[in-house]
Structures are given as C-alpha cells and as structure tokens.
Amino acid sequence: MPVRMSFLVILITLLLLFSPSQAAAGTSVTLPATDTPAVVELKLFHLEYKDVVAIAVETRLPATGVADPLTYMLEPVYQVTRQDGLLEITLAAQSSLPELTGQATFTKTIASPRLQQVTIAATATNQLKIAAAYNNQIASVQVTTVKRKQIIQLDNTITFRTYLVLHFTNTGAGLSPKTIVLDPGHGGPDLGATRNFLFEKELNLDIARLSRDLFTQHGYDVYMTRNDDSRPSLLDRADAANILDAAALISIHNNSIPADMPETASKLYRGTTALYNSAAPQPAKELATLIADQVAHTLRIPQYPLQDRPGLVVLNSTWVPAVIAEIAMMPHPQDAKMISQRVYRLEAAQALVQATDTYFKTKDPSLPAATPATISPGSRAVSRVNNTLYYLDLAGDTYAGSSEKIYRLNAGKTTPTVLSDDEAWNLNISGKYLYYSNWSDNHSIYRLSLDGTEKTKITTDPANQVTLAGNWLVYVKWTNRYSAQDNNIFKTSLDGSATQKINCDQSENLSIIGDWVYYLNASDDYKIYKVKLDGTGRSKIGNDRVLFMAAAGSIIYYSNYDDGQRLYAIGTDGHNRMKLTNDKAGFIAVANGDIYYTNTSANDALYRIKAKTKIPQLICDLGAGPLPITIVNNTLYYHHLFFRL
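In this text, residue positions in the sequence shown follow my numbering: the first is 41, and each later residue adds one.
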C-alpha cells in the first residue's frame, strides 16, 4: 500500500501541490554569482531502445528570497557541441558529485550499443564539462531539461533541482516504442503491508517483474524503479518517469487496512482499486479506471471506488500519467490466498498490461489491443476415505469472500456437512485425522478427526502449503520478520512433537515424492530445486523459470515461464527435459501418468494430456479461469465439481 506521508510532507504538498510541470514553464530567475548551482547526482538509465543520462543540478534558496516559489524554476546554463559521435556540454555549475571527490575527472564506461562512455570533468571553479561518446550510426541525441518538484527544508529554505537530460535513442524506421515505468512499491526495510504473513514489497516486485516481461512482449520499452529488495526514494521513483518522458508510470501495490481494525470488520474489506491525482499536469483517471476494472474482472474480485490522492508523492511529483494500482486486499483471507500463488500474480500482471494497452488504444486507434484474460480466485483441496469426500470450498458468493470451511460429503449424498468453520487451507488426511493450515488462528497447523471432533493445534508456526509426507507434515514456515527470504521449508511430526528446518531458500509450490521435497526457489528466480526430508541433498533441477510445477514418479511437470508458460517435463534428476505441448499451462496435477492442467491458451479450460499419446484433451470449460486442481484416489476436484478418473 502507498507510503503514508508525514505531517511535514503533507504541509509541503499542500503548498506545492499545484506547481506546474516542466512543460508548463514558469518564469525563471537568474541566480547571483554566489549562488551558482551544484551538480549533485548522476543518474543512468539503460532501456531496450534508449540510454538516458540525467545530471542533477541543484540549488537551495531562502524561502523569503523567492517571490513566487510555485513558478520559480532553476534553469541550468550550458553550451552543447556535437561532432562525429561525441557530445560535449559545458555546464555552469559547481561540483558536488560523489564520483568527483578527490579527483578532477570521472569516467563511466557504458555497456550499450548506443552509448559507450560518459566523462565528467571539473575544468574551472564553477564549470563542468560533460563528454558522451556514442554510436551516431544507430543513435540520435537530444538534450532536454526536466524539473523536480521543489522541496521546503526544515531551515525554511527551498531546494530546487533540474535535470540536464541526454537522450540516446535508436534511430530507424517507425516510431520509438512507448516507455512504461513500473514502480514496485516499498522495498528494503520498508516492508509495506505484512498481513497474513505476506510481504507486500515482494508481491509488488514479482508482479512488476511479470508485468515487465509482458509489456516488453507487447513492444513497450520498460524501466523498473527497483529490480531487487532496494528502496528508492519516492521522488526518485517520480524522477524516473519524468526523466524518461514515460508514456505512463504504474506503481504496483497491494492494499491493507489499519492493523487495529477488528478482525470481523477487516474481513469485509476485499478487492482492488487504483489511485490517481486529478490535480496532476496529466491526470490519469482514465488509466486508473481501466486498471481497476481489468484487475477486478481478471481476478474476479470486488472493486473499490477509485481514489483521488493528490497528497501522495509518486502521484503529485510525476509529470506523466501516473497510477497506483492496489491489486488485492492483503488482510482478507481469500485475497491473500489468491495473491500468494504465482499463477494469480501473473494474471494480475496480464490485467495491468491489458488495461494499459486499452488506454493507449483509445488515444491511438491504430495500436492493437491485447487479448483479455479472466480467472477466479481461491484454491481448493480434497481428501477421500471410503468414498467419503473431505474438501474446502467457498461458502457462498465468490464476491462476498466467505470463509473456506471444511466439508464432508458422504457417499451417495448431494448435501455436504460442515466439519469446521475455521478459515482453512491445505487440507491433508492421514488415518483418522485431517490436517490443515488454520487461518483463523495465525495460520497454525491443526488436526481434526474425520467426524469433526478432537480439534487440536499441532504447531504454532504460521504454515503455508502444508503437505503430507508419510509420518511428517512438510510446510513453508511464513514469517513477518523482514523478508520472504526467511520463508523456508520445515517438517513436523503428525503430533507436532518434533520439528526440523530442512532448507534456507525462499520456497513456494511444494511437491513431495518419497524422501524428496521439490519446490520453486524464489531466491533463484523461481527455478526448480529439491532437498531431502532430512535437509540434505539440496540441488537445482533446471534453469527454467517456472510458474507452477507438480512432481509425480520420476518426472516434474511445469509451466515454463521462459517459454511462454508452455507445459514441460523434466526428470527429477534434471535430465530429459522436453516440451509436452505448446499449450500454456497454469495449475498442474498428475494422476495415473496423465497430466491435468489449466490451459491458458484455451480460455483457461481444464485439459488433460494422456501419458501415452501426448495429445491434449479438453475435460471441461467452465469459463472460470485457472483454478488449482486437486486429485486424490482417482477423484479430481475442480471448481465445485468432482470428476471420477
């Protein structure tokens, strides 16, 4: 969720809210010689189709010395010369660049086909020379200036910053692609919301990475304000969009509510929304509307009214259309279960791209629009004993997000019995007991007898992806300490008396065969790993990035993200990697050697590939989008339906 601003920042924002963008030029003021501005920062941006160098020129003036701070602009004084692939700029400014500390010249070599090298030298007391060597056979050069919003300091001075921006853009036929700046909210020590043991900062980053890949496939040039667990300042995030003259900035978040709100009330809040700034130079209400509509439609979750939030820095300091997309409501169990699964994070990314494509399509009808996608939220589990089925299901309307209770359906009956009102997840069965993650009690593992009695807490660990392995329960232990890097795999005995940590990777999507646990290692870009139940033998299976996987026998079946989600197989020893079909797979399950999957290529319908023929067959198309598939004892459970295999 967006960072809350301090009282001081709110006051500053109220004062400077309606300051014009660099396009709406105000009256510049000539500084006295003693107030020569300083070069304080160098920013480099490397995109697919262009490189950009931004040199921050800054000065600080007494608030009383500027007649109208809302219209004052710092205009750098500079001269430009060009010759045979060399751009030279002489800039009237002092040097405060950290790179020039203790030396007169700084050189940065650039690994780009367009821009090779940038050199900055202090040639006089108040003068800097910037030289940029570039390939003038493939790149054109443009020099512009971009203003940052003014900042009032605690000492009643105002900081003014202007970037001298050098654009090195691919030349060639056709128009340059639109630039999209993706901003994964929060990062580093700023965790964002941490409800239901999810880290907003990491959800935001993964959705942004998935969105980046999709935007790139759609022909956009994409820049991410962070691609790791760092924390750029709010102004730096806005600066990136302004400097790159982006077509849009999309800041990706997941929403929350005050922690002190009663749990019964918090469960009423569910769904998506988008934030915009009606007072911005380029208000983005239309884009915000499209994003909120598409995310709600794609994830089948409610939509809150749009929020006009001029007080947020990312929205009031960005001169290009800017939107904050709040994908899901993290405190709500169904939203949390949904967004914790990477298949749905990809669906959210597809919704962002679809909405953005539609936005530009309305402005330029010659642009093609993306194909929309629809899915439903949630996850299911089913167990079967003596023809009696035990399962989780949404009780009531999907949009209401009612609790996922534990049900029993006796043989020959059509009306199920509720065994427990707990908000349950990951249902397993062993002997006369059901085991599950109880979201009604801090995600702890519980045990329940088959008749709904003897409910017992097994462990206090917040557990996700609880999976039965003989006499052990294997799970990912969730944490809110600092980072999902600590979400490691543990095992506990069926009575909870013995617990052991078995790996140190950020783990998702567990699948167990014999003594081996197979999982996606989010610490290594969602590649398949394995580790023994005793914690030994950890190794990587393959180098493909994976959306979802299921292991059976000696084979792992997976949705290969590096090959457009196509369904692949690889041996548990890492050999015999092969593509099974060009269908794009979401969720996967295996039974009797047959592979069942949700087919993204065909309206997310449920498909099967027979082990012998390798020919895809349609099982059912419910128009419900990808949903998890559970198979136990030749019974497949999918979207409220049971199938005999």
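Any given hint could be a false lead.
[What the hints assert, rightly or not] List time: in silico DSSO-like cross-link candidates among lysine-lysine, alpha-carbon distance up to 27 Å:
no.: 1; residue 1: 495; residue 2: 517
no.: 2; residue 1: 495; residue 2: 401
no.: 3; residue 1: 148; residue 2: 169
no.: 4; residue 1: 517; residue 2: 541
no.: 5; residue 1: 169; residue 2: 83
no.: 6; residue 1: 445; residue 2: 401
no.: 7; residue 1: 497; residue 2: 401
no.: 8; residue 1: 472; residue 2: 495
no.: 9; residue 1: 445; residue 2: 403
no.: 10; residue 1: 580; residue 2: 541
no.: 11; residue 1: 567; residue 2: 654
no.: 12; residue 1: 652; residue 2: 619
no.: 13; residue 1: 624; residue 2: 652
no.: 14; residue 1: 169; residue 2: 218
no.: 15; residue 1: 325; residue 2: 403
no.: 16; residue 1: 453; residue 2: 517
no.: 17; residue 1: 403; residue 2: 472
no.: 18; residue 1: 453; residue 2: 497
no.: 19; residue 1: 472; residue 2: 453
no.: 20; residue 1: 567; residue 2: 517
no.: 21; residue 1: 497; residue 2: 541
no.: 22; residue 1: 572; residue 2: 497
no.: 23; residue 1: 218; residue 2: 83
no.: 24; residue 1: 472; residue 2: 497
no.: 25; residue 1: 497; residue 2: 517
no.: 26; residue 1: 403; residue 2: 453
no.: 27; residue 1: 567; residue 2: 624
no.: 28; residue 1: 567; residue 2: 541
no.: 29; residue 1: 495; residue 2: 567
Treat the hints as calculated values from the structure; they're not laboratory data.
Structure-based check of each hint:
{"no.": "1", "hint": "495 - 517", "in the structure": "21 Å, holds"}
{"no.": "2", "hint": "495 - 401", "in the structure": "56 Å, violated"}
{"no.": "3", "hint": "148 - 169", "in the structure": "14 Å, holds"}
{"no.": "4", "hint": "517 - 541", "in the structure": "9 Å, holds"}
{"no.": "5", "hint": "169 - 83", "in the structure": "16 Å, holds"}
{"no.": "6", "hint": "445 - 401", "in the structure": "44 Å, violated"}
{"no.": "7", "hint": "497 - 401", "in the structure": "54 Å, violated"}
{"no.": "8", "hint": "472 - 495", "in the structure": "12 Å, holds"}
{"no.": "9", "hint": "445 - 403", "in the structure": "47 Å, violated"}
{"no.": "10", "hint": "580 - 541", "in the structure": "19 Å, holds"}
{"no.": "11", "hint": "567 - 654", "in the structure": "25 Å, holds"}
{"no.": "12", "hint": "652 - 619", "in the structure": "15 Å, holds"}
{"no.": "13", "hint": "624 - 652", "in the structure": "20 Å, holds"}
{"no.": "14", "hint": "169 - 218", "in the structure": "31 Å, violated"}
{"no.": "15", "hint": "325 - 403", "in the structure": "14 Å, holds"}
{"no.": "16", "hint": "453 - 517", "in the structure": "37 Å, violated"}
{"no.": "17", "hint": "403 - 472", "in the structure": "62 Å, violated"}
{"no.": "18", "hint": "453 - 497", "in the structure": "30 Å, violated"}
{"no.": "19", "hint": "472 - 453", "in the structure": "21 Å, holds"}
{"no.": "20", "hint": "567 - 517", "in the structure": "19 Å, holds"}
{"no.": "21", "hint": "497 - 541", "in the structure": "19 Å, holds"}
{"no.": "22", "hint": "572 - 497", "in the structure": "26 Å, holds"}
{"no.": "23", "hint": "218 - 83", "in the structure": "21 Å, holds"}
{"no.": "24", "hint": "472 - 497", "in the structure": "16 Å, holds"}
{"no.": "25", "hint": "497 - 517", "in the structure": "15 Å, holds"}
{"no.": "26", "hint": "403 - 453", "in the structure": "56 Å, violated"}
{"no.": "27", "hint": "567 - 624", "in the structure": "18 Å, holds"}
{"no.": "28", "hint": "567 - 541", "in the structure": "20 Å, holds"}
{"no.": "29", "hint": "495 - 567", "in the structure": "37 Å, violated"}
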